[in-house]
Amino acid sequence: MLNYILRRLLVMIPTLAAISFLIFFIIELPEGDYISNQISMLRSTGESASIGRLEFLRKEFALDRPFVERYGIWVGLWPGPNGFDGLIQGNWGWSFEYDQPVGEVVGPTLPLTVALNLATVLFIYCVAFPIGIYSATHQYSVGDYTFTLIGYLGLATPNFLLALVLMYLANSWFGLTVGGIMEEHYIGEPMSGGKVLSIVAHLIVPVIVIGTSGTAAMIRRLRANLLDEIYKQYVTTARSKGMRESKLLVKYPLRVALNPFIADIGNLIPSLVSGSVIVSVVLNLPTVGPVLLGALQSQDQFLAGFILLFVSILTLIGMLVSDVLLGYLDPRIRLGKEGARQ
Amino acid sequence: MNLLDVKGLSVEFHGDEGHHQVVRDVSFSVPENKCVALVGESGSGKTVISRAVMGILPAKSRITAGQILFRDNRKNGEQIDIAKLPPAGPAMRAIRGDQIAMIFQEPMVSLSPLHTIGDQISEAAKLHRFVGSKEAQELTKDMLRLVHFPEPERAIRAYPFELSGGLRQRALIAMAMICRPTLLIADEPTTALDVTIQAEILKLIKEVQAELNMTLLMITHDFGVVTNMADEVVVVYNGEVMEKGSVEDLFLTPQHPYLKALLNAVPSLSMEPDERLVPIRPIKPRTHHSDLQPQPVGKTHAFRGTALIELEGVCKNFTFKNLRGKKRRGMTTALDNVSLTVRRGECLGIVGESGSGKTTASLAMLRAFPLTRGKISYTTEDGPRDIQGFSEKELFQYRKKAQIIFQDPFSSLNPRRTLNEILQEPLVIHRMGDSLSQGARIRELIDLVGLSPRYLRRYPHSFSGGQRQRIGIARALALNPEFLICDEPTSALDVSVQAQILNLLKDLKDELGLTYVFVSHNLAVVDYISDRVAVMCKGKVVEVGPTRQIIDNPIHPYTRALLKAVPEPSLDHKLDFSSLAGTASSDPTQWPSPYRMRYTTVPYLVEIETDHWVCAPGMESMRDIVGLGGSHI
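Protein sequence lines, in the order shown, are assigned to chains F and A.
Using the numbering used here, the first residue of the first sequence is number 1, and each one after it goes up by one.
Using the numbering used here, the first residue of the second sequence is number 1, and each one after it goes up by one.
Wrong hints could be hidden among the right ones.
[To be verified] Simulated crosslink set (SDA-like; lysine to any residue; CA at most 25 Å straight-line):
no., chain 1, residue 1, chain 2, residue 2
1, A, 393, A, 383
2, A, 244, A, 256
3, A, 126, F, 245
4, F, 232, A, 244
5, F, 232, A, 366
6, A, 400, A, 366
[Stated by the list, open to error] Per the computed footprint, the stretches of chain F lying under chain A, defined by three or more beta-carbons under 8 Å from a beta-carbon of chain A, are:
no., stretch
7, 162 to 170
8, 249 to 258
9, 322 to 331
In short, the hints are calculated from the structure, not lab data.
Beta carbons are placed, not taken as given, at the ideal position from N, Cα and C, and that holds for glycine.
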């Protein structure tokens with residue numbers, strides 16, 4: 001198993017190299033770059049005073065070099081104006097728009113992004129599982145139809161609309177401030193019990209909003225998967241031993257029905273980051289999403305590149321985690337090699 | 001003393017089209033320490049009755065009337081009415097798995113793929129005996145030993161997919177036995193298994209029954225199993241009991257016409273050469289049409305009995321590949337120097353257990369894959385041709401001549417095509433005629449297999465298994481082929497339907513002058529339909545000859561073991577459980593000399609009688625023994 005994980009980690013290196021190249025290539029596809037855009041804007045308005053500084057920046061960040069060199073410098077495989085100084089060396093790049101290092105722009109948003117995503121995943125699993133199981137075991141009952149209806153509503157309602165409605169309700173019923181991640185007076189304060197509570201209270205609405213469609217989709221899938229398993233012969237075998245229905249359900253069909261969900265962990269992460277952009281904008285949440293959106297719009301290439309690469313790394317790790325978990329939980333995958341030899 | 005009394009039991013299914021009585025007023029009793037067999041075709045309700053006794057009826061059904069009285073020996077013979085107990089309630093759960101246990105039909109799907117054998121077997125002990133995991137493990141090992149599981153210590157950590165079908169069935173039996181139930185229900189426990197393994201499992205069930213003082217309720221459609229296992233028989237048809245009594249009474253003097261009909265529909269090894277099976281619902285093929293005339297049998301190059309297809313030293317190895325497609329060291333020999341001749345106008349049966357290479361051999365004749373070694377020649381009008389050397393165009397023409405009927409009629413028909421489209425497709429592919437003449441041809445084919453043209457617009461799901469197999473036959477006949485591969489065409493069908501299909505195949509062969517290669521694991525079926533038989537084991541042909549000679553005078557130890565393991569549906573030829581050879585009979589390295597084969601031994605066929613060949617590599621060096629004649633070797 002350890003061997004397998006090591007091998008997978010090694011495979012991740014060329015994968016990441018390929019992804020980084022693709023990201024850089026796509027970000028650079030549009031004409032020009034952040035600075036040349038700025039320069040032409042200044043020219044059109046007639047202010048040419050600070051053009052010199054911008055030209056200097058262009059040189060400083062090697063934006064005047066050919067594409068492959070620029071990529072090499074960004075990654076840290078090619079000597080830039082300051083020698084080897086790229087992602088590999090720990091320099092995450094410079095954000096032109098914020099006029100700050102990328103690390104400082106992204107840094108504060110990352111913990112919140114991760115916390116929000118984790119909370120959303122947990123929410124999806126916690127809500128979808130009991131409902132999915134109920135729907136499958138009580139197929140075509142009133143409860144099943146009700147959950148199905150709610151689920152379809154959840155799938156069909158645009159997230160931002162739900163966000164606005166819930167935000168309004170949260171404010172008028174519980175007096176939560178509209179938007180933001182915490183009460184304003186906690187901003188900039190050191191962590192304290194009150195601050196944590198405030199953050200948690202503010203996370204509830206976004207988690208529900210971002211998680212609704214995922215929950216609805218998962219309920220439908222779990223119900224279908226479980227319905228496939230529930231009538232299989234091995235379940236009858238277990239029943240004929242005299243097991244309690246609830247225990248039986250969890251031990252046998254649910255365990256088998258879980259596989260697709262474990263395999264899905266890796267895919268969840270990027271969709272949660274990119275899917276929550278609009279909600280984050282509407283709810284004014286300082287997550288990575290809106291930053292990425294802004295960076296892409298203004299061609300702030302190092303910032304956008306870094307965020308995209310970060311999401312890719314998360315995805316790769318998620319894939320690894322789900323593969324390892326699958327191997328651990330499903331003997332058919334773990335012992336597949338031996339099984340094939342027989 | 002009766003352990004189980006079923007009185008006036010009625011079970012109802014409620015589906016979308018209202019209620020449907022599947023079991024009507026069924027009464028029978030199971031005396032203690034006896035074996036009672038519930039016999040019937042599929043759909044007769046026999047399984048539903050057994051599920052009702054277990055309290056595991058499907059959700060859409062319920063018991064509408066009657067009693068299921070079970071005498072609880074652990075509570076001083078107090079009688080419990082299972083029909084009144086809520087199926088998922090604690091009282092029923094306490095009985096289920098503890099006092100009444102069940103063995104299921106399909107060992108391949110009856111075990112959870114994600115849990116170890118040990119976990120699944122010990123579960124019932126933990127539930128009913130309240131033992132700790134250590135003790136449960138010991139009990140499990142005891143049970144695995146009882147069912148002669150090899151290496152019980154290791155087996156408890158094995159997963160079902162690592163085991164063969166026979167071993168899984170043993171695990172299932174161990175699972176049912178662990179609480180030493182007083183009543184064991186066995187639902188077609190051997191239907192999915194090879195004959196030799198079937199005989200062993202039956203022997204095992206008998207042994208365990210005696211050892212644990214169990215009462216057995218056996219559900220089966222196989223009269224061979226009934227005569228060998230049962231003391232009493234209950235015949236069920238369409239949800240009602242037709243006839244019941246002791247096995248002797250029923251087999252010697254069957255009263256009810258249904259039972260008589262059912263008995264006549266079963267092929268057996270002791271049938272007369274010209275005896276014909278009588279299907280319960282016979283069909284009449286109609287072959288009066290003009291372009292379905294018999295093949296030109298009389299011409300000089302193609303008279304009956306000459307070689308049509310010849311396999312010479314055919315070898316096929318399969319190499320295991322890992323996920324990246326690189327070759328691994330693992331390799332199996334599916335065909336090992338197979339030499340066979342299929343003669344024009346005959347039916348050659350190929351018999352063997354699963355994994356013997358019988359299907360591979362027949363598929364090789366269709367050029368379904370490239371051979372590792374050897375040559376397959378097909379006799380055309382210009383003499384024999386190697387089918388490996390066919391060009392694309394020649395192969396396309398060859399496809400018209402050679403067709404196949406598949407084993408599973410359920411998955412071999414496209415569920416999204418109507419019957420008309422299914423039958424038309426081969427004609428369209430081979431551009432035979434315009435749509436008008438194709439329509440006429442389809443009507444002929446439908447007639448030929450005894451179906452009605454009214455069905456042409458239906459989809460496969462609305463046909464029964466037997467009807468689907470007839471569609472499969474019609475499709476294979478669409479191109480007017482010269483020879484047909486029948487790959488276990490009746491193994492998925494009921495005995496009564498089996499007789500119908502076998503008779504249909506027989507009639508078609510005679511009337512259309514076809515040549516068959518009939519692959520089957522059922523010796524009685526092969527005996528009924530084939531002129532000659534080839535017995536295969538582990539990719540080798542071990543014996544080949546005229547059917548009667550093979551059946552009456554088997555030479556090879558494997559053929560003998562195979563014949564000995566066939567349960568005959570008559571009381572005079574009961575299985576001799578004590579002389580079963582076990583798994584050794586299918587291991588070439590354990591055969592006695594001169595039949596023994598090491599891994600490198602090349603098969604060598606010796607002609608023992610006229611046309612009767614046996615694989616005996618040891619005789620290559622001492623040919624004089626052949627003079628001794630068959631039976632002494």
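Are the Cα positions of residue 400 of chain A and residue 366 of chain A separated by 25 Å at most?
Roughly 11 Å between the alpha carbons, so the hint for residue 400 of chain A and residue 366 of chain A holds.
Would you check the hint for residue 244 of chain A and residue 256 of chain A, treating anything up to 25 Å between C-alpha atoms as holding?
Holds, at about 10 Å.
Under the criterion that the straight-line Cα-Cα distance not exceed 25 Å, is the pair residue 126 of chain A, residue 245 of chain F satisfied?
holds (16 Å)
According to a criterion of three or more residues whose C-beta lies within less than 8 Å of a C-beta of chain A, is the stretch 322 to 331 of chain F covered?
holds (count 3)
Restraint check for residue 232 of chain F with residue 244 of chain A, where alpha carbons must lie at most 25 Å apart
Not satisfied, since the Cα-Cα distance of roughly 33 Å exceeds 25 Å.
Are at least 3 residues of the stretch 162 to 170 of chain F within less than 8 Å of chain A when you compare beta carbons?
Three-residue rule not met by the stretch 162 to 170 of chain F, so violated; n is 0.
Quick one, are residue 393 of chain A and residue 383 of chain A close enough, alpha carbons at most 25 Å?
holds (18 Å)
Are the Cα atoms of residue 232 of chain F and residue 366 of chain A separated by 25 Å or less?
violated (36 Å)
Are at least 3 residues of the stretch 249 to 258 of chain F within less than 8 Å of chain A when you compare beta carbons?
holds (count 4)
This entry does not satisfy hints 4, 5, 7, going by the numbered hints stated previously.
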